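A.B. asks: Spelled out from the first residue to the last, the chains are:
2 protein chains.
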Amino acid sequence: MPVDPGSAIEVTAYEWVPPMAKGFVKDMRVRWALEEIGLPYRERLFGGAGGEKAPEHVADQPFGQVPVYKEGDLSMFESGAILLHIGEKDERLLPRDPAARTRAISWMFAALNSIEPFIQTLFLMGFAAEGKEWQGAAKDVVRPFARMRLAQLSTALADREWLDNRFTLGDLLMVDVLRAAPEDTLLAAHPNLAAYVERGMARPAFKAAMAAQLSAFARHEPATA
Amino acid sequence: MPVDPGSAIEVTAYEWVPPMAKGFVKDMRVRWALEEIGLPYRERLFGGAGGEKAPEHVADQPFGQVPVYKEGDLSMFESGAILLHIGEKDERLLPRDPAARTRAISWMFAALNSIEPFIQTLFLMGFAAEGKEWQGAAKDVVRPFARMRLAQLSTALADREWLDNRFTLGDLLMVDVLRAAPEDTLLAAHPNLAAYVERGMARPAFKAAMAAQLSAFARHEPATA
Numbered sequence: 001m002p003v004d005p006g007s008a009i010e011v012t013a014y015e016w017v018p019p020m021a022k023g024f025v026k027d028m029r030v031r032w033a034l035e036e037i038g039l040p041y042r043e044r045l046f047g048g049a050g051g052e053k054a055p056e057h058v059a060d061q062p063f064g065q066v067p068v069y070k071e072g073d074l075s076m077f078e079s080g081a082i083l084l085h086i087g088e089k090d091e092r093l094l095p096r097d098p099a100a101r102t103r104a105i106s107w108m109f110a111a112l113n114s115i116e117p118f119i120q121t122l123f124l125m126g127f128a129a130e131g132k133e134w135q136g137a138a139k140d141v142v143r144p145f146a147r148m149r150l151a152q153l154s155t156a157l158a159d160r161e162w163l164d165n166r167f168t169l170g171d172l173l174m175v176d177v178l179r180a181a182p183e184d185t186l187l188a189a190h191p192n193l194a195a196y197v198e199r200g201m202a203r204p205a206f207k208a209a210m211a212a213q214l215s216a217f218a219r220h221e222p223a224t225a
Numbered sequence: 001m002p003v004d005p006g007s008a009i010e011v012t013a014y015e016w017v018p019p020m021a022k023g024f025v026k027d028m029r030v031r032w033a034l035e036e037i038g039l040p041y042r043e044r045l046f047g048g049a050g051g052e053k054a055p056e057h058v059a060d061q062p063f064g065q066v067p068v069y070k071e072g073d074l075s076m077f078e079s080g081a082i083l084l085h086i087g088e089k090d091e092r093l094l095p096r097d098p099a100a101r102t103r104a105i106s107w108m109f110a111a112l113n114s115i116e117p118f119i120q121t122l123f124l125m126g127f128a129a130e131g132k133e134w135q136g137a138a139k140d141v142v143r144p145f146a147r148m149r150l151a152q153l154s155t156a157l158a159d160r161e162w163l164d165n166r167f168t169l170g171d172l173l174m175v176d177v178l179r180a181a182p183e184d185t186l187l188a189a190h191p192n193l194a195a196y197v198e199r200g201m202a203r204p205a206f207k208a209a210m211a212a213q214l215s216a217f218a219r220h221e222p223a224t225a
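For the record, the sequence lines run as chains A and B. In this text, residue positions in the first sequence follow my numbering: the first is 1, and each later residue adds one. In this text, residue positions in the second sequence follow my numbering: the first is 1, and each later residue adds one.
Keep in mind that the hints were calculated from the coordinates and are not lab data. Keep in mind that a hint or two might mislead.
Stretches of chain B that chain A covers, calculated by requiring three or more beta carbons in the stretch to come under 8 angstroms of a beta carbon on chain A [said to hold, decoys possible]:
id, region
1, 22–30
2, 96–104
3, 108–115
4, 122–129
5, 144–153
Cross-link-like lysine to any residue pairs, in silico, SDA-like; alpha carbons within 25 angstroms at most [what the hints assert, rightly or not]:
id, chain 1, residue 1, chain 2, residue 2
6, A, 70, B, 85
7, A, 26, B, 147
8, A, 89, A, 60
Selected chain B positions facing chain A (Cβ under 8 angstroms, derived; list incomplete) [said to hold, decoys possible]:
id, residue
9, 62
10, 63
11, 80
12, 81
13, 84
14, 85
15, 132
16, 134
17, 136
18, 138
19, 141
20, 156
21, 218
Owing to the predicted nature of the structure, the values given are computational and were not obtained by experimental measurement. Cβ atoms here follow ideal geometry from the backbone N, Cα and C, with glycine treated the same way.
With these hints in hand, go ahead and build the complete structure from the sequences.
C.D. replies: Written out as structure tokens, the structure reads:
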């Protein structure tokens, strides 16, 4: 099992988050990559997402978020940067062939900068505008942008198993971004994308990473009346 | 001058865009990086951002956008991925020291995934919700997220010249993201950030890149009545 208190690699995560966020905190991406290559890591757990940030946490992560990755004198934040570093360790995550490598990295950035922002904006309108009478109208204005990007992604994926014929970090990030789509119809409109996400989530490494994130939350579940 | 029709490096850009987008199309980031290290590139220009996409353009860029970067048998999309590739060529863009390198890459991803999405959402509410009576209310709901991230970034920058004591691609991307903030008060609230953006835009390479992007538009300005 990659979670190993004696490992030289440290990944920060939260002790506990509200139900809505469980399974979606971004240390998932890092845990998943480490599981794919069987690389052990130790967890460093901080108080919940909404609470006061420990000063040593903010010193490593300017936005007070998780994950932070430490290894020797390296300290990294941003899940994309961390994944790229892990990918350099193992060809199973990032191909060594230069052309395939640059395509995989293009897809990593596409997941984070061309797909996730639109999914996230729709999500933001879901919770930040909760109860406003214009919430539906605002979502209607944002949704076409998310739909357009997913339609383009569906065309690019076509009938392939992965975005570039074999699983890479580009797929890992893209699946992790897509599974957070806040409206079921977004993915359901593209059966190839829906199947792609299921394929990613069926990987043993994804399941092991999810179990590890949820296990930390379960150990710190607040007592209820 | 880096724009050189005989170069082995090709960067795609648009022939022309509406005034609002001039200077902000994302080939700017790639032109800027190439100017920083004096690496020549040839331009390949496509019809405007809003128009019909040429099929060979979509084949290289799944979202029908610019820039695409080609070099030998490498073909890359997403400005972040392209910058990372260019950064590997020259220590002036990406430090060779492992710890400094990973910090620079963390800032690159931070610009694209932790700052740009909130600025972009505010921008989206500016144009997609134009004329709706709830536009102001929707912006009010999004603005605190953008403000929070900029306050955290301002704290991280503190009184340094660049995010990590010397200019890197992390600064190039962060300055390019911040200068697109759609409301002047966002940056004005943090004098150190406003000065940081000015410092970036004062670099000769930024100015040369801007001149090159605007020059293409000027050559293809539509005739007006």
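A.B. asks: Where does the structure disagree with the numbered hints, that is, which hint numbers, in rising order?
C.D. replies: 1, 17, 21
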